[in-house]
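There are 2 protein chains.
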Amino acid sequence: GAMAAEKLAGYRDRIRRELDQVVDFWLKHSHDKLYSGFFTCLDQDGKVYDELKYVWLQGRQVWMYCRLYRTMERFHRDEILEAAKSGGEFLRRFAWTPSAGSPGKCAFCLTREGQPVKVQRTIFSECFYVMAMDELARVTGDHDMQVKFTSVIEVLSTLTVSVLPFRVLQTSERVLQVHAESVMDQLVRWVRVDPAGLGRPQLPGSPPVNSLAEPMMLLCLVEQLAEGRTDVTDKYREVGSWCVQQILQHVQRDGTAILESVSKEGKELPGCQGRLQNPGHALEAGWFLLQYAVQHGDEELQRTAVDKFMKIPFQTGWDQEHGGILYFLDVDGHCPTQLEWSMKLWWPHCEALVAFLMAYSQSREPALLDLFSQVYDYTFSHFPDTEHGEWFGYLSRQGSVELDFKGGPFKGFFHVPRCLYMCERLLDGLLEASCDA
Amino acid sequence: GAMAAEKLAGYRDRIRRELDQVVDFWLKHSHDKLYSGFFTCLDQDGKVYDELKYVWLQGRQVWMYCRLYRTMERFHRDEILEAAKSGGEFLRRFAWTPSAGSPGKCAFCLTREGQPVKVQRTIFSECFYVMAMDELARVTGDHDMQVKFTSVIEVLSTLTVSVLPFRVLQTSERVLQVHAESVMDQLVRWVRVDPAGLGRPQLPGSPPVNSLAEPMMLLCLVEQLAEGRTDVTDKYREVGSWCVQQILQHVQRDGTAILESVSKEGKELPGCQGRLQNPGHALEAGWFLLQYAVQHGDEELQRTAVDKFMKIPFQTGWDQEHGGILYFLDVDGHCPTQLEWSMKLWWPHCEALVAFLMAYSQSREPALLDLFSQVYDYTFSHFPDTEHGEWFGYLSRQGSVELDFKGGPFKGFFHVPRCLYMCERLLDGLLEASCDA
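Quick mapping for you: the protein sequence lines, in order, are chains R and F.
Taken in order, the first sequence gives residues 1 to 437; the numbers are from the numbering used here.
Taken in order, the second sequence gives residues 1001 to 1437; the numbers are from the numbering used here.
Just so you know, the hints here were simulated from the structure itself, not pulled from any lab data.
Just to be clear, a hint being listed does not mean it is correct.
[Stated by the list, open to error] Result set (DSS-like, lysine-lysine): computed pairs, CA atoms no more than 25 Å apart in a straight line:
#1 Lys47(R) <-> Lys28(R)
#2 Lys1007(F) <-> Lys1311(F)
#3 Lys267(R) <-> Lys1118(F)
#4 Lys1311(F) <-> Lys1267(F)
#5 Lys33(R) <-> Lys47(R)
#6 Lys1267(F) <-> Lys118(R)
#7 Lys118(R) <-> Lys1118(F)
#8 Lys33(R) <-> Lys118(R)
#9 Lys1033(F) <-> Lys1047(F)
#10 Lys1028(F) <-> Lys1047(F)
#11 Lys1264(F) <-> Lys118(R)
#12 Lys1264(F) <-> Lys1235(F)
#13 Lys1118(F) <-> Lys264(R)
Whenever a hint applies, use it, and build me the whole structure from the sequences.
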């Protein structure tokens, strides 16, 4: 009734204000006006303390700017579009490092000027690159942008012949989308067919693993690329369904636990690796699955997403003593070997907020709103910096700020604004529905 | 006077008891009687919680057992020698992974049975391998051992032709020593001539770095290999002196700070990497340098070791509020990006104890004994587990136990017993001298 609506409106208004403030913080402090791209190592008050440019975070910031520009009227501003385009160009010019081996890899980290510093032997730089390029394709129809990007593609094609499955393209309005899809196709091959191109040696003591992050990221990309496009939806239908199956393999111990890594056959792995739980990550998988299930009208998957990937990780991960979600746990109760296991990180809380609010929006089960409220109370009383804006990222188990920067090698313009954006839209939907009622 | 001697005797007795207890803990819990080698992932009470065998820790345990066997009468026991030999054989059979690229690399981590799980693109597995093999060479003169090792070398030679600069050896009593030296020579080439064999791609944004750990480890190996051997001392004289120069390059900011990474030319590097301080590591470098300086009668280096590599890191790293030595710091006072920067780890405290006691033994400067006492009080009131023996490794900034295991991927039978062993000997020396006085 009115009480519930008032509560939801309170959440929505706070979240809306917070999103405005967070966007302003990054617009003001993170843009490199000299070389383009984004600084992400930002002190408590926004000062740059390191000029390295982390490719994950470059891609995520381009994606987030474009998504806000495309879907929220108050962010449909030239300033935001221009920042996204400039970041996209930086990525297209500098992210690829052909020297790291055929068929080329995106670097993990670049100098301010764009020289590669480090290349990871994983798929994630490329994943965030695809997210960025696809969302950029959706907001740029202008001829200028196309011409710029086409020339970049030509340069890359010359440099790297067969580095990537670049189709030689004429200037067309689908140039970015086609490029994003070609990288996506490479990612699918790395994960499903042959990981050799990633550069990790295959060692007899280390058989291939189904790591929760990989099918999650690919599923996220399928959703990204397919949105509103029938042909692309068809093209990636089977990949999407494979990703869901791979994610479901992480439900273990007779359905009582989500484990972060399992064998390719879906069996529990030995030792610490096999017993590791990352509740925030499972919760993120939960809302990815729920979104997919709703789109496909799959009610069983909807229940699994909520019961297995939201309720269980929350029960496991919530710190009964100090509140907040623990970073890592061992399913048998051993102490994890990760030094940071007991810290409270911002992003698992972001994922939990999205997960429980999305689940509540679907089912209207009051217990799910209570879980959202519980996470909301901890999150908004611990993470936002009331002095300089934006959120702290890393708290001790007891809830004190342990690392006071706003951005770092793994914290950029992504989890906080994505959470606030998703929650604002979900709350708008709920409030609209309650007005209609 | 008598007061001081009494204090020193108190330290010595406690340290001696502690060393006995720590040795017993690892003898009892860490031996794999089925496949040989050592389990290092040991719970609070010694139970194995993961069967992976970390090569650094295998090598360190072999070294430590041999050193205790060789130099301390109460540890000159068959049980200890046999454990060291069996660990050494495990290493010799399984550590090398030719498939990781020519000229072969030691794995970082093996399965219980000895299959390679992970190979790092650094020098450290090989360094601890050399330490182990050299110390093993010093304690095994028996024919049985020689025959076993020779056959292993033959197998390896067949497998890997030119993988390592194995000289084809007849059974001789110097077989292990020669092997250790040949790996050492490869290490020196990797660090000084060509790192390509380590497998890290050279990237234009990431010029080669002088990382404190590399010259420290090589200096430690020079001391290890040269002990009591005139020819080897001559062979590695220039390498040792080069290591010292490389370590001294880390004195920066007009002599007011030790930085963990500098350029190959000894200049400060940009960003977080350039500003990083690891006080425990600098303190360890301090006693390596002091030991070297004393051996070479270099009084200037002796002063530098104490003033720059001990007093400065301690002033920087000691937590005025909660006590104990912080793990990482930024020289300009920014927050480090390492999530664990504010934790109190056992090993920096071990290194500080050795450093200050060694420095005091040399100079008899009372302030250095005070520093030892300050670290001793924190260490012995926080790290030892009075219930199950051995030491906790990882405390929060406030000093509570955050990870309760006794051994893990980076904590084995090394820093604690090496510290106790060195301190016991130093205290014996001091007490003997005070009796003579």
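Hints and how they fare:
1. Lys47(R) <-> Lys28(R): At roughly 10 Å apart (the allowed maximum being 25 Å), Lys28(R) and Lys47(R) satisfy the hint.
2. Lys1007(F) <-> Lys1311(F): holds, 22 Å
3. Lys267(R) <-> Lys1118(F): holds, 21 Å
4. Lys1311(F) <-> Lys1267(F): holds, 22 Å
5. Lys33(R) <-> Lys47(R): holds, 14 Å
6. Lys1267(F) <-> Lys118(R): It holds: about 21 Å lies between the C-alpha atoms, which stays within 25 Å.
7. Lys118(R) <-> Lys1118(F): Cα-Cα ~19 Å, so holds.
8. Lys33(R) <-> Lys118(R): holds, 23 Å
9. Lys1033(F) <-> Lys1047(F): holds, 14 Å
10. Lys1028(F) <-> Lys1047(F): holds, 10 Å
11. Lys1264(F) <-> Lys118(R): Within the cut-off at roughly 18 Å; holds.
12. Lys1264(F) <-> Lys1235(F): holds, 24 Å
13. Lys1118(F) <-> Lys264(R): holds, 18 Å
Hint compliance for this structure: every hint is met.
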